[in-house]
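Going letter by letter, the sequence shown gives residues -18 to -1, 1 to 848 in mature numbering (1 follows the signal peptide of the UniProt record, and there is no 0).
If you are wondering where the hints come from, they were derived from the structure by calculation, not from laboratory data. Mixed in with the good hints there might be a few duds.
With beta-carbon atoms standing in for the labels, derived distance ranges [as the list claims (entries may be wrong)]:
| id | residue 1 | residue 2 | range |
| --- | --- | --- | --- |
| 1 | A374 | D435 | 43 to 51 Å |
| 2 | N218 | A489 | 24 to 32 Å |
| 3 | S835 | L785 | 20 to 28 Å |
| 4 | A826 | G579 | 42 to 50 Å |
List time: in silico DSBU-like cross-link candidates among lysine-lysine, alpha-carbon distance up to 35 Å [unchecked claim]:
| id | residue 1 | residue 2 |
| --- | --- | --- |
| 5 | K486 | K464 |
| 6 | K501 | K420 |
| 7 | K556 | K210 |
| 8 | K811 | K832 |
| 9 | K524 | K210 |
| 10 | K398 | K464 |
| 11 | K465 | K306 |
| 12 | K524 | K420 |
| 13 | K400 | K532 |
| 14 | K255 | K524 |
| 15 | K508 | K188 |
| 16 | K737 | K524 |
| 17 | K210 | K403 |
| 18 | K532 | K501 |
| 19 | K704 | K763 |
Virtual Cβ for every residue (Gly too), placed ideally from N, Cα, C.
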Amino acid sequence: MTFWIFLAGLWKLEDGNAYLFLWISYKSTAPHHCYICGLLTSRITLGILEVIQRHALRIFNFRATAVYSTLHLWGINQAKMRMNECRMLSYVERLVALTRDCNPPSHSMQWWSPEALTDHRAPNTHERFHQRQCDSGWGWAAFVFNRDPPFLQTPFSSRERAVCIKSAHPPVPHCHLSTATMGSYTDVDQLAINTIRVLAVDATSKANSGHPGAPMGLAPTAHVLFNKFMTFNPKNPNWVNRDRFVLSNGHGCMLQYALLHLFGYAVSLDDLKAFRTIDSITPGHPEAHDTPGVEVTTGPLGQGFANAVGLAIAQAHTGAVFNKPGFDLINNYTYCIFGDGCAMEGVASEAASAAGHLQLGNLICLYDDNHISIDGDTNVAFTEDVMKRFEAYGWHTIHVEDGNHDLAGIEAAIQKAKEVKDKPTVIKVTTTIGFGSKLQGTGGVHGSALKPDDSRGVKQLFGFDPEQSFVVPQQVYDLYRKKATEGAAREQEWNALLQQYASKHPAEHADLIRRLSGKLAEGWEKNLPRYSPGDAAVATRKLSETVLEKIHNVIPELLSGSADLTGSNNTRWKHAVDFQPPSTGLGDWSGRYLRYGVREHGMAGIMNGIAAYGTLIPAGGTFLNFVSYAAGSVRLSALSQVRTIYIATHDSIGLGEDGPTHQPIETLAHFRALPNIMVWRPADGNETSAAYYSALTSRHTPSILALTRQNLPQLESSTIEKAIRGGYVALETPNANITLVSAGSEVSLCIDAAKYLKEKRNIVARVASIPCFEVFDVQDKAYRLSVIPDGIPVMSVEVMSTLGWERYSHEQFGLNRFGASGPYKDVYKKFEFTPEGISKRAVATIDFYKGASVRSPLNRAFQQII
């Protein structure tokens, strides 16, 4: 029995990595030795794999980053593989297929070119496996190196024979490994890329938390994108015509923070050192209001993707409104990087579908295809063809196979994307997460700082001093600051164009400047409708429609829409033009009504992007119960401090026949508990106008307007001025025995109950309307105590969860169960939300507190943090 081990090949293939192939062969004259020989071959192969992987860095100063091996005997292919990318198996199998016989002739093997390895006409390996005789067997091993091994200096002939390494010190052939396609890029570009990687390692190591893997893998893509394509001025992050960048996989935020620092935004090296610490401007995920240069708040996966669609919509609309012949004022692009996790999320899928329909050619998304999520390789849960999915959405698709090295390929892909004007583009960039780490290509590098020895190894690999941290070479600063200077010059050119625009189009210029200031048109509020007690009873969803009809001409930045419920939400004013690609014949880019489709979550995420652009105020409608579908994006509206308006109709059991599946119970309690959002539940026309006044004038706070399906009477005491304080006395009576507090449709019920109590029980009740907790809570205490005073008990009434009403009441009458299907008046009767039912509970409350000293629920031992 004889064994041979051969150096079968050492090349850099088209994916940019260097590969070392070993061939291990045996031959025996005794057929019964076959199985034993096969096992020995396998053991030898795996042993060599382990030795080289363990000692490559120490001996040769390069890192074996992936390992492959297999064993073939008796026509059976038994594989044991540990790999970054399974597609590399095909290279090795083609290598095997190109041999003339199962055993190398003369115990040697020819060198084969990378071109031969990628030839799909290579002989069928499967057939060859089954033609084998059982008296021999073979195995192979492949090692992947993430940079050229230093001992390879001179070229060799591609036809040179392999060297049998039975001797103690076998000669090693010298070969020239073709470098990855660099185009016009230099060593300084590679140094800059590695600087980003090392900064990500240093920041996460110092914080002892964070996600180094994505920045290390995405550094080449981001470097090309920012330096070759994006237009921006770090000294003025708010320049309206800057290109927008969204990092949807926000856990990789050290990529963005490093770039912002290198380009000269107000993000210092000390800020990078303060990554993930209290009060720093470099939080654990990007927050737009914290960090200069961050456009939107991302982190929950998929949200940034939807935001990017919104930013692109806003640009298309703003450009259509303000651009004139010779004045292409608003022409920026939106670029978004997203990962496998984002691609799995429903919100991204909804937004991608909408963007494809809208043919947003100004949107370019780069898909970080690294096949890793927290659970490990995505093959455990995510195996669809993402590019085919995007093609079905109507996107242009491009694939860059080597995102680790192929800078020119990345550049060419983005350039091609910019040439496509009638659809958005997704560029799949195949990368290695944690590139350079010994954990690269694994889930271990996703969400944890590198171990100290790994961190030092990465720095050595990339040419940095392992004993130093947060080092930025001067030539890297020079490269990035040159780009920043070019961006400042571009803004100066734009400002000159804007001055010319002002003289030619003064009205449009004034409108654009006003919008960018965040101010509304002077006197717009005079258009808000006002109501008197004798006016007809109307559903608040219809009253909302009246407001939109009255104000849309004086607030041209208002962009309305609905998630396929236009006729039910009443969100479209008469003669509104849809925002649609002109080629569809359905509307125009200047249209102000968005058909979001049945995509509540996508709608909310898109609205956040529209609001973040700075020239539009988005309002979007759905049923209140289905705002829960959009809860993730609504939460980010609040955290992002953007002015978005959610028109949420069918707000209670009052919607009736559709039943419990559509009747919200817990929804308002949920959103009232959310910080920095105003939840309005108006009781009549004046309160509805007040809700719009508050929503439109609150530049840094989103709003939810919960509106009824059923008609409501106009209250006697309501005015816009009272309602905009968030709460007021709707019915005042002297010597009252109880205060009833309520919101929305139950306010008029409480007034009816007060009349019933007086007539039937000679009990005096007063009524307070609290249409917005958040606004009422910031009024001065004296005013709030005038609405909910000391001395008498307070009972709240609302046809949904009682949670939250305890801050204003001693007792709560609500609905802590699901509703019922039927005519809405019958549903109200079933749950005793009638004057009689309310009166019964009011009497019980008065009796319970009789003789006690009652303080207003507003009197607390301390004020909660707001």
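Structure-based check of each hint:
Between A374 and D435, the C-beta spacing of about 46 Å keeps the proposed range 43 to 51 Å intact. Distance hint for N218 and A489: a CB-CB separation of about 25 Å, consistent with the stated range 24 to 32 Å. For the hinted restraint 20 to 28 Å between S835 and L785, the CB-CB distance of approximately 27 Å keeps it satisfied. As the Cβ distance of A826 to G579 is approximately 48 Å, the hint placing it in 42 to 50 Å holds.
Annotation: proposed proximity of K486 to K464 holds, straight-line Cα distance about 34 Å (limit 35 Å). For the proposed pair K501 and K420, the alpha carbon gap of about 53 Å is over 35 Å, so the pair is violated. Under the criterion of a C-alpha separation no larger than 35 Å, the hint pairing K556 with K210 is inconsistent with the structure, at around 45 Å. Restraint check for K811 and K832: satisfied, since their Cα atoms lie roughly 29 Å apart, inside the 35 Å limit.
For the given pair, K524 sits about 51 Å from K210 by alpha-carbon distance, which is inconsistent with the 35 Å threshold. Note on K398 and K464: the hinted pairing holds, with a Cα-Cα distance of about 25 Å set against a maximum of 35 Å. Between K465 and K306, the direct Cα distance comes to roughly 29 Å. Compliance with the 35 Å bound is thereby established for this hinted pair. For the suggested pair K524 and K420, the alpha carbons sit about 62 Å apart, so the restraint of at most 35 Å is broken.
Between K400 and K532, the direct Cα distance comes to roughly 40 Å. Violation of the 35 Å bound is thereby established for this hinted pair. Annotation: proposed proximity of K255 to K524 is violated, straight-line Cα distance about 54 Å (limit 35 Å). Only pairs whose Cα atoms come within 35 Å are accepted, and K508 paired with K188 is rejected, the gap being roughly 56 Å. For a cut-off of 35 Å, the pair hint linking K737 to K524 stands: about 28 Å separates their Cα positions.
A C-alpha spacing of about 19 Å is found between K210 and K403, which places the hinted pair at or below 35 Å, so the restraint holds. Restraint check for K532 and K501: the C-alpha separation of about 18 Å stays at or below 35 Å, so the hint holds. As the CA atoms of K704 and K763 are separated by approximately 16 Å, the hinted pair is consistent with the 35 Å bound.
Violated hints, in rising order: 6, 7, 9, 12, 13, 14 and 15; the structure is consistent with all others.
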